[in-house]
Amino acid sequence: MLQSVLLLVAQTTILLAVSPLLVGLIRKVKARLQLRRGAPVLQPYADLVKLFRKQPVISTATSWIFTATPYVVFASTLSAGLLVPTFTSQTPMNFAGNIIAIVYLFALGTFFLILAGLDAGSAFGGMGSSREAIVASLTEPAMMLSIFAIALTAGSTNLSTVVHKTALMEGIVTDPSPHLMALAALFIVALAETGRMPVDNPATHLELTMIHEGMVLEYSGRYLALIEWAAGLKLAVFLSLIANVFAPWGIATTVAPAAMGIGLLVYVVKIAVLAVSIGVIECMFAKLRLFRVTDLLGVAFILALLGLLFFYILRS
Amino acid sequence: MPILSQIGSQLIDLCSALLLLTCFAIVAQRRLSACVDLFALQSVFLVVTAALVAYLTGNHHIYIAAALTGVIKVVIIPRVLKKVIERLNVKRELVMNVNVPAGLLICGGLVMLAFFIAQPIIPLGNILTRDSLAIALAIVLIGLFTMIARQKAVTQLVGFLVMENGLFLGATAATHGMPLIVELGVFFDVLIAALIAGIYTNRLQDAFDSVDTSHLTVLKE
Amino acid sequence: MNLFLLLFACYLVGILLPLCFPANPRIQNLLAHGFAGLASGAGIVLGITGLLLPEAWTVSAQSTVPFLSFAIRLDSLASFFVLTISLAGLATSVFAMGYVTEFCGRVSMGTLGSLFNGFLLSMTLVVLADNGFFFLIVWELMSLLSYFLVVTEHEKADVRYAGLFYFIMTHVGTAFILMTFLVFFQGGGSFSFEAFRHPEHPLPEGMRTLAFLMALIGFGTKAGIVPLHVWLPYAHPAAPSHISALMSGVMIKTAIYALMRIYFDFLGGQFPWWWGFVVLVIGAASALLGVMYALMEHDLKSLLAYHSVENIGIILLGIGAGMIFQSYGLKELAALGLLAGLYHTINHAMFKALLFLGAGSLLYATHTRNMEEYGGLLRRMPWTGFFFLIGAVSISALPPTNGFVSEWLVFQSLFLSFHISDIFLKLMLPLAAAILALTGALALVCFAKAFGISFLALPRSTQARHAEEVPVPMRMGMTILAVACVALGLGPMVVVPLLDRVVSPFAGVSIGGTMVAMDGWALAPMNVEFSSLSTPALALLLVVLSILGVGFAVAAGGRVNIRRYKTWGCGINLTPRMGYTATGFVQPIKRVFSAVYQPTVKLETEFLNESRYFAKRRHFEFHIEPLFQKYLYDPLIAFFTTMADRLRIIQAGSLHLYLTYIFVTLIALLLLAV
Amino acid sequence: MIAVMVMLIAPTLAGGLSLVVHRSSLLHAINLASMGALVASEIMITRTVLSEGPVTALGQFVYLDALSAFILVIIGAVGLACSFYMRSYMDEQVARGVIAPTRLNLFFFLFHMFVLAMVIATVANSVGVQWVAIEATTLATTFLIAFWRRRESLEAGWKYLILCSVGISLALFGVVLTYYSSLHVLGDVSQALNLTQLLPVADRLNPHVLKLAFIFILVGYGTKVGLVPMHSWLPDAYTEAPAPVVAMLAGVLEVVAVYAVLRMRMIVDHAVPSTFTGGLLALLGFASFVTAAFFILIQHNYKRLFAYSSIEHMGIAMIGFGVGGTLGTFGGLFHLLNHAFAKSLAFFAAGNIHRRFHTVEIGHVQGLVIAQPWTAMALMISGLALSALPPFASFASEMQVITALAAQGVPGMWLSSTGGMMTVTLSDQFSRVGLAAVFLLSAVLAFGGLIYRMTGMVWGTPPEGVARGEIWTLGHLPIILLAVALVGFGFFLPPPIRQLLEQATSILLLD
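Residue numbers (the working numbering), protein chains in the order written: chain P, 392 to 707; chain B, 7 to 227; chain D, 11 to 684; chain E, 371 to 881.
Worth flagging that the hints you see were computed from the coordinates, not collected in a lab.
Computed from a prediction, not measured in an experiment: that's the story for all the values here.
Please note that the accuracy of each hint is not assured.
Ranges of calculated distance between the beta carbons of each label pair, as one might list FRET restraints [as the list claims (entries may be wrong)]:
1. E:D573 x B:I205: 44 to 50 Å
2. P:L700 x D:H377: 52 to 58 Å
3. P:L705 x D:G278: 37 to 43 Å
4. B:F214 x D:T651: 29 to 35 Å
5. P:Q425 x D:A625: 37 to 43 Å
6. D:F649 x E:H392: 55 to 61 Å
7. E:P743 x D:G594: 45 to 51 Å
8. D:T651 x B:D212: 49 to 55 Å
9. E:G406 x B:V81: 40 to 46 Å
10. E:P643 x D:G199: 22 to 28 Å
11. P:L700 x D:P507: 35 to 41 Å
12. D:T219 x E:D573: 41 to 47 Å
13. D:V564 x P:V659: 27 to 33 Å
14. D:Y623 x P:Q425: 37 to 43 Å
Quick look at which bits of chain B chain D covers, simulated, 3 or more residues with Cβ under 8 Å [what the hints assert, rightly or not]:
15. 40–53
16. 140–154
For every residue, glycine included, the Cβ atom is placed at its ideal position computed from N, Cα and C.
Next comes chain P alone, as it looks inside the complex (with noise of 0.2 Å):
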């Protein structure tokens, strides 16, 4: 019990730690392949703090919701957070909910984002909330697919289970193809679901491409500090559950203090990496239009369906 609930905390600690580390890594990384310094890498954490400390600014024509939302959205993202193993295979709240519970957290998230942006009554946040509702809405079929391909490898819908079993080599097919078509729409999900290019900008605020940026325009102070916080740790989220369940390996499979040190060092390292490659990714492409962004996700959705048809023609 007592080893759970500090396993718990510990996990919360380290993703809410992270987070905006990823964040600051991802900009340095633009910085430097578009030739600028860029700002420090812990840029983010001087930011949050900040964010904290000012005076937030509400709409007169907001309603509790809007104040509501962040909590709500940090929460949500949070413990989707806590689903998914980070450093060691043996995460506590393995048993709430699999990764279907995952799906759904962020899309509580993600429906009270959408609420948040119609509240103020301006045109940015509908606009916003419009454009998140279409992304949101296209990006879970592929989403399940995928998981449900890789769910079938491991026999399990519960990410421990998922990564346990991968990292201990039990019941894995040989062959990888399945696993990375599903790791490819993964990825591509991961990049819609927190706005990333090629699908919305977050480093921008011109009001005909803006996403996310637009449905929490009118926020402020600690409000907006809760809601960028709960953007990293979306960020993060996806990025432990791409590394873990694709490359488990080095993660802590016991609570030996030895295997958790070099399961944390593992982690870190594997979240960095990916870190980077999205910074480069956002370089690489251009923003693609609104209409176009269905595309890339058909693209997804059809990557996982092959995975899984490639899964049950090697199976049989």
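The hints should help you fit chains B, D and E onto chain P, whose structure is shown.
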């Protein structure tokens, strides 16, 4: 008395044949009053037939039937119809749904049909009246056909009465007369029907100023 | 027994008594809905006891009319549905006490009240009936009474149209149901369900298939499966809102009950795999198309009605999966699928009723159903808003509410398809899962729209500006359902064993024990290995972590008080016209799925005389093509009417023609006979 | 047998009186009295028949069994309802000057003659007398149909007279043939048309003749019943006649004609396998049902609508008799009863509507529920009952018919031709279900048409210049009673009626 019955059946067949012939005549006839006359003539033949049957079989109540026929169909109804015709001053029927030659052909066909239909049951009849059932059927069919072929109310009425004659022929000749009460009822009904129809034709004349029943097409889908 | 009598008596009194006080609407209102409340209370108890009974409780009385016997059978399936009906019934009757006052003067309270009671009673009897003849009677009574309730406001032409459309469609459905029963009659020569269950001489395969299809069409019409759903979005909104709640929440479920009864009880769960597949496909189609059409609706109640189509689809996904597993002899999985379907059945009954009551409250407060005329209502009607939000969260299947649990279970049963040997189905079921995912996401969007546009931002009309919170009874009614939603969401470990009692007789295996894992904390469909879910834990997590968020805010020690200022509108003062409308909100979706909608947009611009570059006014309208009406129903109707028109010539009015008919008939028959 | 005497004398007496009396209230009183006497005597007869079985009276002239008793019950019930309804109806017509007060005498005289003829047709022992009586009904009603003396009513009356007379005379030929066949078997010629004489020896009669006889009878009386394709007079007549008369025509006269056909069938079935008659009945039944369903779909005149629905329901009943068996026959008889009630209800409602709206166009009638609540209820109930919806009794009877159809199919009818025997079997499992499907399709079509028009009339707001609200008259009493009966019989058949139906069924099944 074989010879007698021989002659009797011959006579009855003859009368029946004459009845049939008058039918053809009615179909061929365009003048209304002539149609009525022909009908009266037919009724006369009918009376003779009935009387013959009554005499030969000795069912005396057929005499009554014959007498009634004489009174009603030879005297009363033709009078009524004549009156109607005079009042309506329509002399002859110009347009027919089926022209005369075709009509005659069809009637011929109907007679054959009647014989064909009645043929399996004729043997049941007694020697006296072999074919009269078939003839009766033929007359009924021809009467119905007349009603279809003609347009004037009066001629339709005549057609109807011809049907009745056919029925009566069947009833008397083939079955030696129905129970008396039935006979009486039938006569009563025929009389009433004819009278009512007469009244109707007058009303139609008033309402539509014509007795051409092909004008009665207000009520339809 | 006594419970049933009590229920029956209460409803009966509720039907008759209000008619005795024609003068006094208030008394009528109280009597009718009071007794309805009592009766449904009894119904709840009856349902629960029925679920716990070891075996079915039956009672029957023979009528002097041949075939007809008033046979009642309370087995676990029936009790489950009685429970569902009565729960919704209780809430709606409480709600109605306040709501019907809106109709005071326009409609006779007595009639409305007794029809309401009769409707509830007939629904209860439908699930209890144990004789085909009796079933048909109460089934048609249900349709008839609901029809009369739909046309309550018959002065409006569209209401009349909706009612007529509904009535005819449901009667067509009944015809198919009758066919089904006639097929079963072949087996036993009797209409008693017992004879249907154990026919003297079993039906041949062809007959069984016929029964399957007929039942699917017949009950599908009532359930509103695609493409038989067309009446539903007309009829449900047209009725008074508490009736819509019952129709959408409960009445369409009686069809689900009947399907379960026929496929698993009468046909003994013995069928080829393609039956289940057909059900699955229909379910998927209904779910997706239902939500898609819902997205384009801006009439709140029609939107909800379309969502009923969607949710019926989800239920059928569960049941269809169950049927497929059944035909492959995978008992546990079959049980899981059915269980998921049933769980979603009661959940949908709860949140859909809640949402309709919410819509009713909005109607009550603003006298309009058009979402574009709402806005900013959350601050004027906080309670209604809160309840509606709960309903919206539940129907969008967001954790930790009840909608999430049942949809999660459906997902599980679809994902477990890899146990099936046939590769085609191995692929099809996950595809269905993907469609379900898309459906869920779109439903989320739709309710984000429904809630956001109606309750948030600025009021877009004077009615919305002056709306007021609804009276207490209405709020109480919604409270009941809201509580039910949350409870069903947090307590699946209690609900699942009860549902297991319903499905185990059909699936032939009990999975209630294995499904509750982690000593009652978590739900584990097959084994904890494969998947597990614990909504209480998730709820706890959410609460704790949001407190954590607050903690951070406090710990950072910024200034606590908030500065209120108007929204940034690029320097112009914010007006309602700047906010997003429902139409605008779904525009991207409309464009992405234009293949389905085939939208036609009309934009007229009236320019200023001075310059061609400034518009004086713009008129924008768009509507989407109702595919099924256009390509399925209209041709059918046209066919029959033209045929009828052709037949007119028979009755041309000519006496000679008529005589010819007789003549020809006579001769034809004579020739036949000789 | 006093009751029989009463039954025959009451209408005669009333008819005679109504020619001499001149106060309308007195006329109505006589009418009610005679109808009351009729009903009372019928109840007595029913009881004796139920207890003692078939009885003959007045020296072989009257023959009463459960079947005829059942028909009498229908005549009595509908007749009584009509005479209640007439009170307000006819008086209003007189008050509005549609008809001269003096013509009331004629009206009532004809009405009583009509009733008398139907009673005789029902109780007559001799097939011949029955024929005479049925012809008499035609003669009595033809003026009632043309009573308003408009052009249309004249046309309708003429068509009715001609078509029915032709049909009837064909029936007479059938009777003649029967007699012809019986001659050789029966000695006593004067009794040779009596059922009491024919039935015992019927199995020795010549089948050929009987077949021909039955066809003539079917076509003949079928015209009276209004079976397609001999139905053509029916819509016109029903549209033009006064409401109470139509109620009688639709409710009772059709039933009596059906009864005549059934009587004949009983004789024929002894000699010929019942599949022959059954096949013919089912054939005409289906023809009527389907055709009527389509015509109902396109009606815009509510009286014609009901007329076609009459054809439809006679078709259903015929299918029931044609399919035969306990189930089908019982259902058919029961359906006759329900239809009589529902249809008279419908025409009462139609009469009220016409008095208020002065139009038969469905399109011009709206908001009935506001203008005439009671009539609206009557219309709705009759409409629902006519489309055989639960909880109305017609649902039960139609269920029995269709169940019989699905369970037995139409027994393979022998189509004997000179080319030898050829059979069409419509009794294997799938074609049975197929037939049931056809049945249901037509039923749904009819329902659609009926309900579409009904609801169009009942709901909405009445047009300008139409008075709102309805005052209670004596005419509402039968409406209520019939409605109650329709609903009640759907759940619970009073034991006497059930026994009557069962015995009648067994009589028709010749066991």
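Going through the hints against the structure:
1. E:D573 x B:I205: 44 to 50 Å: Given range 44 to 50 Å: holds, Cβ gap about 46 Å.
2. P:L700 x D:H377: 52 to 58 Å: holds, 55 Å
3. P:L705 x D:G278: 37 to 43 Å: holds, 38 Å
4. B:F214 x D:T651: 29 to 35 Å: This hint holds: roughly 33 Å between Cβ atoms.
5. P:Q425 x D:A625: 37 to 43 Å: holds, 42 Å
6. D:F649 x E:H392: 55 to 61 Å: Between D:F649 and E:H392, where Cβ atoms are some 58 Å apart, the hint holds.
7. E:P743 x D:G594: 45 to 51 Å: Check passed, 48 Å falls within 45 to 51 Å.
8. D:T651 x B:D212: 49 to 55 Å: violated, 40 Å
9. E:G406 x B:V81: 40 to 46 Å: Distance hint for E:G406, B:V81 holds at roughly 44 Å.
10. E:P643 x D:G199: 22 to 28 Å: holds, 24 Å
11. P:L700 x D:P507: 35 to 41 Å: Holds, at about 38 Å.
12. D:T219 x E:D573: 41 to 47 Å: holds, 45 Å
13. D:V564 x P:V659: 27 to 33 Å: The hinted range 27 to 33 Å holds for D:V564 and P:V659, with Cβ atoms some 29 Å apart.
14. D:Y623 x P:Q425: 37 to 43 Å: holds, 39 Å
15. 40–53: With 0 residues closer than 8 Å to chain D, the segment 40–53 of chain B misses the three-residue bar; violated.
16. 140–154: Satisfied; 5 residues make the cut.
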